[in-house]
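**Q** The residues making up each chain are set out below.
There are 6 protein chains.
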Amino acid sequence: MSQLTHINKSGQAEMVDVTEKSVTQREATAEATITMLPETLQLIIDGGHKKGDVFAVARLAGVQAAKKCSDLIPLCHPLMLTSIKLDLEADKANNRVLIRATCKLAGQTGVEMEALTAASVAALTIYDMCKAVDKGMAIGDIRLLEKSGGKSGHWQAQSVSEAE
Amino acid sequence: MSQLTHINKSGQAEMVDVTEKSVTQREATAEATITMLPETLQLIIDGGHKKGDVFAVARLAGVQAAKKCSDLIPLCHPLMLTSIKLDLEADKANNRVLIRATCKLAGQTGVEMEALTAASVAALTIYDMCKAVDKGMAIGDIRLLEKSGGKSGHWQAQSVSEAE
Amino acid sequence: MSQLTHINKSGQAEMVDVTEKSVTQREATAEATITMLPETLQLIIDGGHKKGDVFAVARLAGVQAAKKCSDLIPLCHPLMLTSIKLDLEADKANNRVLIRATCKLAGQTGVEMEALTAASVAALTIYDMCKAVDKGMAIGDIRLLEKSGGKSGHWQAQSVSEAE
Amino acid sequence: MSQLTHINKSGQAEMVDVTEKSVTQREATAEATITMLPETLQLIIDGGHKKGDVFAVARLAGVQAAKKCSDLIPLCHPLMLTSIKLDLEADKANNRVLIRATCKLAGQTGVEMEALTAASVAALTIYDMCKAVDKGMAIGDIRLLEKSGGKSGHWQAQSVSEAE
Amino acid sequence: MSQLTHINKSGQAEMVDVTEKSVTQREATAEATITMLPETLQLIIDGGHKKGDVFAVARLAGVQAAKKCSDLIPLCHPLMLTSIKLDLEADKANNRVLIRATCKLAGQTGVEMEALTAASVAALTIYDMCKAVDKGMAIGDIRLLEKSGGKSGHWQAQSVSEAE
Amino acid sequence: MSQLTHINKSGQAEMVDVTEKSVTQREATAEATITMLPETLQLIIDGGHKKGDVFAVARLAGVQAAKKCSDLIPLCHPLMLTSIKLDLEADKANNRVLIRATCKLAGQTGVEMEALTAASVAALTIYDMCKAVDKGMAIGDIRLLEKSGGKSGHWQAQSVSEAE
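These protein sequences, in sequence, are chains G, V, E, C, B and Z. Numbering of the first sequence is given in our numbering, commencing with residue 1 and proceeding in unit increments. Numbering of the second sequence is given in our numbering, commencing with residue 1 and proceeding in unit increments. Numbering of the third sequence is given in our numbering, commencing with residue 1 and proceeding in unit increments. Numbering of the fourth sequence is given in our numbering, commencing with residue 1 and proceeding in unit increments. Numbering of the fifth sequence is given in our numbering, commencing with residue 1 and proceeding in unit increments. Numbering of the sixth sequence is given in our numbering, commencing with residue 1 and proceeding in unit increments.
For reference, chain G alone in the conformation it holds in the complex:
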């Protein structure tokens, strides 16, 4: 099996050197969920119908977090994302909010971490805005759904390809 790319031969953590990698169009989509009491979700939806503020704040927090990714994740390369999109949806059947984040750029390294960070911070922001009424919310299912571009090419999470 292959080795961890961020650990060099001396066992030390380090950034992967992407100097020689070619610049290709790259894209990644990640997902997160936040599960809550039905009443909490209803409060968000009620607010959402009128002003959409919880979702609006969470979306913006996700966009800004994607831009800060290389500052948050120590061995991530600085990148200049050309697109960051967040999509939030109330899933009443499962008492949760679904968050999907997609990032794009033409660069030498993938944007999975940016998409995962955007989705995670959007979920944390929802927690922050609803924690006064529901401390038991749980964030989960943070995973990469799909990525394309770069040497490793296209990749899709199994459950996604099955579901579609």
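Keep in mind that a hint or two might mislead.
Pairs involving identical chains hold if they fit within one copy or between any two copies, as the list cannot separate such chains.
[As the list claims (entries may be wrong)] In silico BS3-like pairs for lysine-lysine, Cα to Cα no more than 27 Å straight-line:
#	residue 1	residue 2
1	K92	K135
2	K151	K135
3	K92	K151
4	K21	K135
5	K9	K135
6	K9	K151
7	K21	K92
8	K92	K68
9	K68	K21
10	K151	K21
11	K92	K9
The hints are simulated quantities; they were obtained by calculation from the structure and are not laboratory data. Nothing here was measured: the structure is a model prediction, and the numbers come from that model.
For this one, chain G is given, so just place chains V, E, C, B and Z on it according to the hints.
**A** Same frame as chain G, but now just chains V, E, C, B and Z:
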């Protein structure tokens, strides 16, 4: 049921005004997990026995993320944490890493978001360092375990109190 | 006439030493306007009735900018604001948006710069979101309306006290 | 009339996707003024003849703010500016300081926001350094003077083209 | 001999928990030098007599770096400095610039790292501004000169107490 | 002799305009040392054999500081580094730690400041982690060892070329 504290009467998102709150000793503990292939966990453990680098990097990333919390979560107050601790543990039975983060300060507002952010970013950092060998890892179970201090007093997640 | 407090006796710029100042309750309110074409304001209002997004984004940008003030203004002290509020209003009679920002904390130094920075960045954010349809917008009237707390006590801008 | 580019079809705020835009040479110049008491301006000028510190600090603050623009303005793209210049001038006839900021890069999106942010933060920095002697200063006339590059090509503010 | 405070009993790096420490007045002074060709120092001095720009920029960079210390040094606590002063002096006899930085606050932890970081970044900034004419400059002698406050009390570097 | 590139004809500090420079492969290596008591070095080495934590934390701090360079050094351009490597070595003969940092990118401006900043912050981090047992440590010998790429081509510090 009570209202979302970050949405004012006009339906606008805003920071909660904590000017009048008293300064008390506050503490919060949050948890996150990252589930992976058994081989991926073994790679971390093998590295861990020698150098511990994946866990060391994730722990530091969590500490630094806790300090950046008010920059990441739009309506969080700036705080001066007096303690940030991260504990990472390989849970081989469940093919996952368990992350616990505890934050403390004497202040006017709680530190739940700092603990949740620390645990989340530590998990994202593990994803980053292992993604070359395992893109299907999933981060989950991000939740508050316990908090104390402030007007709302002590709170503990149900499953925690049951389990202990 | 008194001297510039940030220039020391050798003519060098420096932070004012507030070590000996007492901690008092401080508050400041600042204002900014952004003037635009009537059609641009109408687009914001139309969006505003449905989703309020331009104002929601500008308000959040202002809140976050207030928290970054000591990083932006070189000789500002780091502060822990306890409240940041932004109020945006469409002023159709004058084809402009009025922005008011109020910041509070208990500390050793005033929060005028935080309030002024919040109002300015909220205005810049409106410019950003509307610039594709109206590059000629102008931001102006950025000024302190009122401050209280600290040794210099209460201060109010003349036109404000006259107008009220 | 055209739509706000940062509001998508569902009425949600989002970054404009510039992935498909071509990389062109881009440049933008913005202006700001800060009006003050004649005595305050004289203090700056007197200091300026000796050490120039107020202008030196404001210029640096503007340069650094331009680099932080995508962190301040939520829907701005991260950019790698190749030039940031600030020009400050004491305008004694009008009791004010004139600030002009010019930014350049070869990229996929314009640099208007960077120039506007640089000019605004330079003005705020002057306010900060002089506020102990003159709280009534007002920042205004923040506007784009000229931009070039990109699909929309060259644009110049009306009053500028008239005046020159 | 005592243990490294940032390494816990399990050998893991962690922030020192200062929750129980009392708030006292703290102060620290640090030093750095940058040695260069005589001609380089003369260029700075010549510029310095007229505009003082290299020293002015370095001083500001040092002030801002002190404020960012907890973001740069992973296990440093966030602090609210009440004073940051930098003093730069051309030492022609030794072809170098002497930099002294003093930081103060009332807090639960010392400010040595803030003073050392301020002095270091001021030296790096001088390197940046002069590197086009002198790549062989060397920064050195970065050390703590004196600290006071807190449980460990007053401390002074040996050579300082000898020299004075 | 040539002029300081960051001081323009009016004697004002400014960023060098690199808009017209060509994109070339650039690389720079810098060095720093931190000298300490023999017992302090032994504590690091003993820890190092088991967990390596002081060196691991310092290495990460250096990597993250290189990414923040344009935020720390006022007139540095924002860059997207493709590689940052830090090498730390205990030099028992001289009671010190040797730090070498190498940065790379394809860009319009050199990466000397990034390498120097990485080495400096790694040294400051070691100071932070050991200061409880040894306040008299001194950081020195911060200098550029070698750079390549760009118009000025290859450059190497004299003592390095002599030593090798």
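**Q** Work down the list of hints and note, for each, if the structure agrees.
**A** So, going through the hints one by one against the coordinates:
1. K92 x K135: Result: close within a single copy only, 19 Å intra versus 29 Å inter.
2. K151 x K135: between (43 Å within a copy, 15 Å between copies)
3. K92 x K151: neither (40 Å within a copy, 32 Å between copies)
4. K21 x K135: This pair counts as between: shortest inter-copy Cα distance 20 Å, intra-copy 45 Å.
5. K9 x K135: Answer is between: at 22 Å across copies they meet the 27 Å cutoff, but 44 Å inside does not.
6. K9 x K151: within (22 Å within a copy, 34 Å between copies)
7. K21 x K92: Result: close neither inside a copy nor across copies, 44 Å intra and 35 Å inter.
8. K92 x K68: neither (31 Å within a copy, 32 Å between copies)
9. K68 x K21: So K68 and K21 pass the 27 Å test inside a copy (23 Å) and across (23 Å) alike.
10. K151 x K21: both (8 Å within a copy, 23 Å between copies)
11. K92 x K9: Between copies only: 23 Å across chains, 49 Å inside a chain, cut-off 27 Å.
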